[in-house]
Amino acid sequence: MSLNKEQIKYLAILSRMDIQDSEIKDVVDKLSRIVEFVDQLQAVSTEGTEPMAHPLEQGQRLRIDKVTEDNQREKIQLNANETNNGMYLVPKVID
Amino acid sequence: MIIKEIQNMTLCALKQGMKDKDFTSLEITEVLLSRINGLGATLNAFITVTAEQAIKEAKDADKLIATGKDKPLLGLPIAHKDLFCTDGVLTSCASKMLHNFIPPYDASVVKNLKASGAIMLGKTNMDEFAMGSSNETSYYGPVKNPWNLDLSPGGSSGGSATAVAACLVPAATGTDTGGSIRQPAALTGITGIKPTYGRVSRFGMIAFASSLDQGGVFTRSVEDAALLLGEMAGFDENDSTSVDVPVPDYLGGINQPVKGLKIGLVRQHFDAGLDDDNAIAVKEALDVLKDQGAVIIDIDLPNIELSVPTYYVVASAECSSNLSRYDGVRFGYRAENYKDLNEFYCKTRGEGFGAEVKRRIMTGTYVLSAGYYDAYYLKAQKVRQLISQDFKKAFEKVDLIAGPTTPSPAFSLGAKMDDPIEMYLNDIYTIGANLAGLPGMSIPCGFVNGLPVGLQLVGKHFGEESLLQCGHHYQQATDWHLQIPEQFK
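Taken in sequence, the protein lines are chains A and B. Oh and the first sequence: position 63 is 1374 in our numbering, straight run, nothing missing. Oh and the second sequence: position 339 is 461 in our numbering, straight run, nothing missing.
Wrong hints could be hidden among the right ones.
With a straight-line Cα cutoff of 20 Å, these simulated EDC-like cross-link-like pairs (lysine to aspartate or glutamate) come out [to be verified]:
(1) B/LYS515 - A/GLU1358
(2) B/LYS515 - A/GLU1361
(3) A/LYS1316 - B/ASP420
(4) B/LYS582 - A/GLU1358
(5) A/LYS1403 - B/ASP184
(6) B/LYS519 - B/ASP366
(7) B/LYS141 - B/ASP184
(8) A/LYS1403 - B/GLU458
(9) B/LYS137 - B/GLU152
(10) B/LYS582 - B/ASP397
(11) A/LYS1377 - A/GLU1358
(12) B/LYS218 - A/ASP1329
(13) A/LYS1403 - B/ASP462
Just so you know, the hints here were simulated from the structure itself, not pulled from any lab data.
Please put together the full structure from these sequences, using the hints given.
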């Protein structure tokens, strides 16, 4: 199945990722080829086959909920673009 | 004379040389740093060279050696793929998105190797977020293949492979989600091993596809791979998929004979698509192992041709989830000029990611979106189960599976960039091991038109030992792994 420009624009919205007009033709073309390529899976009979979620069929390991690390807020926030008083700043969300 | 020797030496030989006082860790470090910054600069193998830190660590190692202290990797230089977090050192994942990211901690792999005494010379170039098979998607530009500078070294761990192949460093770490260690190892003529899923901690490894990603190593001998893997592997509480199985003494057990070892040859691997000369090299390699007492048995992996489409559904889905963390708020690239939060996210991600990464995020978003989930994602996870069962059945008959690592030798830079499917098909022989969580290794097994090609060995879960033993015996009988590209001798 090939994808159209509108579908690509919708996927870009879902992915929160701007796609420039200059990029869109290339994205439509290549993504369509990828989807057509993976479409061959549809013809495979998988009746009675359980989907595989983990290569070693392991479950989730649990641990005791206790503090294992010291607070490193300042070191961690060195990577942030904008902080104030230990908090991350983002554009205004609520008027 | 010593300089010439140092650059070509394996980790094991360097360790012996330091023990015999032929040279110091500082001398080794200085020789290699000057190669990285000199002759090696044209290869673009490194994103960051940590010269100052390396020299300091080498001096410290020499002091320890002088007092008679020993650690398995004491004073030995290595490089890390720029996907492993390194405390205080840029970890970019070769993306504009992380061009300014300085991790506040070390990945467990980095921590383990540091604790064993290894010295980091720098961080190597790669495909952006490990998404690529040619190292051309890097924000820092492509890496070149030391055997021919117009060719790709493969990817995604192309910088690590090139650095080892060009003797800029004796060993380097890498990660393998669909072949990203084994394919570049084959295309640059070195040894590369991807262990069993869960064998090496993923903590501090920047995630691409979490159910497939696994760290491993590049070296110039299987013996070195055994040494290094033994030091980096092991259970880690910080990785919820790490497996608590004791790490065997890989190096100590490497001389176990291969006599009677049953090696399966996958019929489907020799269908159309495999370069004739490549097929000959692989068959000749198996003859060598046969002479050493191994038994070659034909086997079938009936669904193996579905591994590439299965992979591109599963890996893209996981990538689209994993990469949702890049929002420009807590770390990484942040766009300018936005009017609200939504535009802030969209611009940051639109500008911060490269074309291939965007394609994979969108593919993943598509296969996970309402109305398509069952048809693509769930279907792919079922086919993955079929592929995995094929391997299980095969391993009832054989101890190891052997075949080509890649369909052909290294290809030209730019050759496959316009056709994503052709690029993806370069990983046709390697992806199966990731889907099934099996260990895989590529070792050099000959040359086609002056370019190295690889033999891939795939083992049972936690069967790294038999891969290493088999590879080591092969390297005792051959000298393909000792070949060094002319320009970098």
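Hint check:
Taken as a hint, the B/LYS515 and A/GLU1358 pair is honoured in the structure, with Cα atoms around 19 Å apart against an allowance of 20 Å. At most 20 Å may separate the alpha-carbon atoms for a hinted pair to count; B/LYS515 and A/GLU1361 meet this at roughly 17 Å. Restraint check for A/LYS1316 and B/ASP420: not satisfied, since their Cα atoms lie roughly 47 Å apart, outside the 20 Å limit. Note on B/LYS582 and A/GLU1358: the hinted pairing is violated, with a Cα-Cα distance of about 27 Å set against a maximum of 20 Å.
Annotation: proposed proximity of A/LYS1403 to B/ASP184 is violated, straight-line Cα distance about 55 Å (limit 20 Å). Distance check on the hinted pair: B/LYS519 and B/ASP366 sit about 27 Å apart at the alpha-carbon level, beyond 20 Å; violated. With a C-alpha separation of about 11 Å, the suggested pair B/LYS141 and B/ASP184 falls inside the 20 Å cut-off, and the hint holds. Between A/LYS1403 and B/GLU458, the direct Cα distance comes to roughly 15 Å. Compliance with the 20 Å bound is thereby established for this hinted pair.
A C-alpha spacing of about 16 Å is found between B/LYS137 and B/GLU152, which places the hinted pair at or below 20 Å, so the restraint holds. Straight-line distance between C-alpha atoms of B/LYS582 and B/ASP397 comes to about 27 Å, which puts the hinted pair past the 20 Å bound. In summary, the hint linking A/LYS1377 to A/GLU1358 is not supported, as the alpha carbons are separated by about 44 Å, beyond the 20 Å threshold. Between the alpha carbons of B/LYS218 and A/ASP1329 the distance comes to roughly 15 Å, so the proposed pair stays at or under 20 Å and holds.
Proposed proximity of A/LYS1403 and B/ASP462 is supported: the alpha carbons are some 7 Å apart, at most 20 Å.
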